[in-house]
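As they're listed, the protein sequences go chains L and F.
Under our numbering, the first sequence has 23 at position 23, and the numbering climbs by one with no breaks.
Under our numbering, the second sequence has 175 at position 39, and the numbering climbs by one with no breaks.
Hints are computed from structural coordinates only; laboratory data are not their basis.
Incorrect hints may have been included.
To be verified - Pairwise CB distance ranges, derived in the manner of DEER restraints:
#1 L:T81 / F:P320: 18 to 28 Å
#2 F:A306 / L:G60: 25 to 35 Å
#3 L:S92 / F:A306: 19 to 29 Å
#4 F:D173 / L:E122: 33 to 43 Å
#5 L:K110 / F:D179: 52 to 62 Å
#6 L:Q74 / F:D173: 49 to 59 Å
#7 L:E4 / F:E161: 37 to 47 Å
#8 L:S2 / F:F322: 21 to 31 Å
#9 L:K110 / F:P320: 33 to 43 Å
#10 F:E244 / L:E62: 23 to 33 Å
#11 L:E5 / F:A297: 24 to 34 Å
No residue lacks a Cβ here, since even glycine has one placed at the ideal position from N, Cα and C.
Each chain is listed here by its residues.
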Amino acid sequence: MSVEEFLVEYQATDSDQPILYNFWASWCGPCVKELPYFESLSNDEDETEIKVVLVSLDFGEERLLKFLEKQPLQSEVIFLTDWSGADEAWISTVHPDWSGAIPITTLKSKNSSRAARLDAFENEADLLGWLEEHTK
Amino acid sequence: MRKLTLFLVALLPLMLSAQLSIGDEAPDFNLINVDGDSVSLADMPETEGIILVFTCNHCPVAKLYEQRIIELDAAYADEGYPVVAINPNSPRKKPLDNYPNMQKRAEEKGYTFPYLADPTGETAKAYGATRTPEIYLLERDDEGKLFLAYTGAIDNNSASAEDADAHYVAEAIANLKKGKAADPNFTKAIGCTIKWASTK
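Sequences are here, hints too, so could you generate the full structure?
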């Protein structure tokens, strides 16, 4: 998916479901470390109704696929095909406070407001606490 | 007036940790280079400016820009804009970014510019840096002070230098030499978070 196509989806307001977007890459250590926390969110449908989308900023889809072979993910994974050459304005569209450092996680809540976490979560409890704070 | 002063004093810690703004004076530092000498901006009073870059050994985006950083120094050091590279990552968090590994990298890749260790991240915080690689292009004013003229990416394609069609640093320097302001003076780019010595 191109950055342009992704932004259309990202900015859509037609769904009431809260959506968590995590921007990551297989080359990013802190990103890979926190993936299991998002995965447990995707697995645990009773406790939360949050949709998880993992947006990959890998250098080429092949590297992402190789990673996914070793570490399959249940959450939806989107590969941005042209992120490294895209107009840098897309970074501010994802969140005005984002400098471009990954990981970053954003949460679109029911009223379409957008919260951002600008670094990795320490553990699953940290993620759950952050979600609770921003889904009230 | 007194209230305003108190308000400003209360804000001071916030202001200190904020991003350096365009036109702000560049905070000086005193950091150890890979050759064992300490380096500060005050050591380079003759330059027109400085291409300051926060970068590191381990980050894949920094590695993709490494050759371009070497080329910036080759192209601009003689024109008065030498590169000064600073590694802001905690060696405890990222052993690949520790001092011996910095020395090794600088030697292997033939760095022609200082590569300074900022293991506490204090200098990166003073500039408001958030990621590697991240450029802070400094320009000297008539009084000899260095101020921030541009901050952000080197160009607009991290994966491929050939495919970049906006060369922000080169264009900013061209403008500065003509006495004009950098345009754009700020860009964002994907990079690695700085691995801070202490968690916030």
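Taking the hints in turn, this is what the structure says about them:
| no. | hint | result |
| --- | --- | --- |
| 1 | L:T81 / F:P320: 18 to 28 Å | holds, 25 Å |
| 2 | F:A306 / L:G60: 25 to 35 Å | holds, 27 Å |
| 3 | L:S92 / F:A306: 19 to 29 Å | holds, 23 Å |
| 4 | F:D173 / L:E122: 33 to 43 Å | holds, 38 Å |
| 5 | L:K110 / F:D179: 52 to 62 Å | holds, 56 Å |
| 6 | L:Q74 / F:D173: 49 to 59 Å | holds, 52 Å |
| 7 | L:E4 / F:E161: 37 to 47 Å | holds, 39 Å |
| 8 | L:S2 / F:F322: 21 to 31 Å | holds, 24 Å |
| 9 | L:K110 / F:P320: 33 to 43 Å | holds, 36 Å |
| 10 | F:E244 / L:E62: 23 to 33 Å | holds, 27 Å |
| 11 | L:E5 / F:A297: 24 to 34 Å | holds, 26 Å |
Checked against the numbered hints above, the structure breaks none of them.
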